[in-house]
Amino acid sequence: MSNISDQVILETKRLTKHYGGVHALTDADFVLRKGEHVAIMGDNGAGKSTFVRQITGVEQRTSGTIIFDGNEVSFAGPIHAREAGIETVFQTLALADDLDVPDNLFLGREKTKLDWLGPFRILDYKAMRQATIEGLERTAVKIPNIRNTIQNMSGGQRQCVAIARTATFASKLTIMDEPTAALGVQETEQVENIIRTLKEAGEPLILISHNMRQVMDLVDRIVVFRRGRIVANLKKEETDGQDVVAYITGAKTGAEYETA
Amino acid sequence: MAQTTEGTGGLPFDKKKRSWPNELNILIALIIIIGIFELLGQVLPYMNDQSFLFDTRDRFDSIFNEARLRIIILQVSIIGIIALGVTQVIISGGIDLSSGPLVGATAMIVMSFAQTELVNGGPNPKAVFGEWAFDLPLLIPIIVGLAFGAFIGFINGSLIAFTRIPPFIATLGMFLICRGIAQAWTRGKPVSFPTESYAGLGSGMMPVYWFIGLAILFHLILKYTVYGKHTYAIGSNEEAARMSGINVQRHKVLIYMIASMLAAFAAIILSSKNLTAQSGMGIFYELYAIAMAVIGGVSLTGGRGSIVGTVLGAMVFGVIQSGFTYIKLDAYYQLMAMGAIIISAVVLDKVRQERTSMRK
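In order, the protein sequences belong to chains A and B.
Just so we're aligned, residue 1 is where the first sequence starts under my numbering, counting upward by one.
Just so we're aligned, residue 1 is where the second sequence starts under my numbering, counting upward by one.
Hints in this document: simulated from the structure, not taken from any laboratory.
Check each hint, because a few of them may be wrong.
[Said to hold, decoys possible] Pairwise CB distance ranges, derived in the manner of DEER restraints:
hint, chain 1, residue 1, chain 2, residue 2, range
1, B, Gly130, A, Gln60, 57 to 65 Å
2, A, Asn71, B, Leu348, 49 to 57 Å
3, B, Leu348, A, Val22, 47 to 55 Å
4, B, Arg164, A, Gly70, 33 to 41 Å
5, B, Ile212, A, Gly35, 57 to 65 Å
6, A, Asn44, B, Ile143, 46 to 54 Å
7, B, Leu24, A, Pro144, 16 to 24 Å
Just so you know, even glycine gets a beta-carbon here, dropped at the ideal spot from N, CA and C.
Turn these sequences into a full structure, and let the hints steer you where they fit.
Take a look at the structure:
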């Protein structure tokens with residue numbers, strides 16, 4: 001028993017979030033093990049993004065507990081979550097267009113020299129470039145010139161840069177919020193390849209996606225949200241697309257969730 | 001392996017993909033503008049074949065018209081110091097309209113602490129304070145001036161960062177407040193007769209040396225420090241900067257403080273150079289400083305621009321101003337033409353921006 005809980009990277013117990021009178025998330029019990037890739041699915045407004053926002057500290061939960069990497073945590077903001085090792089690729093890419101790839105990867109956590117200079121401490125460009133290339137190679141991201149500004153890159157390349165942060169900083173958990181929603185076929189494939197690389201490297205992942213094919217392709221387990229509750233927890237091998245859709249629309253509810 | 005240090009995943013590093021630096025465009029523009037004035041000197045009938053920049057008189061052996069060059073660079077260096085600060089503010093996505101009046105207010109205050117006791121053997125006729133304020137060490141007026149600048153910048157930055165009112169409004173208010181301070185300080189009377197050491201700060205070519213020195217300093221700061229990187233990041237995508245853990249509010253306060261301290265320093269140099277301070281000093285300086293930055297390729301939408309660009313923009317500004325005088329254009333028309341040039345610079349920036357976004 002203790003062996004299993006050792007392997008759990010993230011666990012939430014009765015995680016609840018109310019916005020005024022709106023119950024956006026109710027009693028969400030969720031477990032993610034090390035190396036596991038889990039998809040979160042559900043209709044718009046089902047509570048997927050709310051769930052992620054509580055974990056990443058973007059918002060503060062109403063009640064419930066979050067256990068990350070063996071410790072109960074309460075992140076005051078996304079920065080704290082990131083420092084603890086949760087890397088989030090937001091739907092709106094948090095990239096600065098006029099900066100190049102290493103600048104973006106290291107934004108807010110630059111490698112520096114002469115730290116006693118305070119805000120005027122010197123940037124260690126060489127070390128950041130080196131780490132960027134290593135991170136990109138680990139995720140198999142292809143970018144012709146990392147010293148180009150992000151502005152001149154395609155949507156797929158930009159998405160890859162955002163994802164490559166994960167690999168560069170050796171995070172313990174990656175969360176991606178619809179990473180391929182705005183991408184073309186080839187670019188989507190590129191991002192999916194990165195996700196496979198993360199899987200091979202044993203990095204745990206939470207993937208929010210509406211794309212059934214992608215989910216079936218990539219993850220080990222699917223958690224379905226409906227009306228602020230988790231209504232199903234399905235192993236990929238024991239389900240299929242139609243089954244998942246039935247849970248999403250409410251035609252079906254998981255046996256263990258009947259009372260909910 | 002050397003090849004992949006710039007690119008990854010086996011894609012070759014394409015050197016041509018490195019963008020053509022914008023600063024080169026401005027340098028080319030500068031040369032073209034000089035060429036135009038040179039040509040006008042030959043073409044316009046009333047110019048008697050004078051040269052704009054070159055010395056064509058037989059009895060002198062220098063190539064350039066050094067007097068004109070000196071005037072051009074001296075003219076732009078004081079406003080140029082302000083433009084260095086304005087550049088940082090604009091890169092961060094803001095604007096500072098208060099720098100001109102701040103020059104007036106700072107000059108008045110600083111000069112009051114820099115007065116000498118005896119003027120031509122008699123007492124100083126323009127004394128502001130009592131005897132204690134005469135012949136103070138040079139450091140005191142400088143510290144007072146920079147502290148006043150820092151204070152005004154702190155208020156500007158705090159208003160913008162914490163109340164989230166538009167920078168335009170915050171600094172427009174400060175524009176009037178500073179002009180008011182400048183006039184209230186002595187009820188409009190000029191303050192004059194500084195100590196010898198104070199007069200030395202801005203005498204001769206000193207303003208030019210200050211300008212060049214500060215330009216180099218801030219070029220290095222913007223390019224190689226965390227402060228610079230975060231300034232660009234905030235101007236480029238403030239939300240991303242915030243999500244990346246940058247303390248955007250604190251950083252903005254710092255930027256406006258630095259900008260106002262540079263304007264205050266310009267006031268010290270200006271009052272030292274003129275040996276007097278008047279409440280009307282620095283009229284239009286805020287706009288000229290913004291113009292220098294914009295001509296130098298600093299984007300009003302934030303995120304792009306450089307100190308090198310602004311220095312070149314200042315040179316373009318100075319050459320145009322001097323050129324107008326050279327072709328004997330009436331001062332009234334000079335203002336109009338200057339306005340047109342500033343608008344064209346912004347339009348050019350816009351076109352350039354749309355072209356880059358189309359390449360995507």
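Okay, the hints, checked on the actual structure:
A hinted range of 57 to 65 Å for the beta carbons of Gly130/B and Gln60/A is consistent with their spacing of about 58 Å. As the Cβ distance of Asn71/A to Leu348/B is approximately 55 Å, the hint placing it in 49 to 57 Å holds. Range check, Leu348/B to Val22/A: about 50 Å between beta-carbon atoms, so the 47 to 55 Å window is met. At about 40 Å, the CB distance of Arg164/B to Gly70/A agrees with the hint of 33 to 41 Å.
Separated by about 58 Å at the C-beta atoms, Ile212/B and Gly35/A satisfy the suggested range of 57 to 65 Å. In this structure the hint that Asn44/A and Ile143/B lie 46 to 54 Å apart at CB is violated, the actual value being about 60 Å. Separation of Leu24/B from Pro144/A is about 22 Å and conforms to the stated range, judged on CB atoms against 16 to 24 Å.
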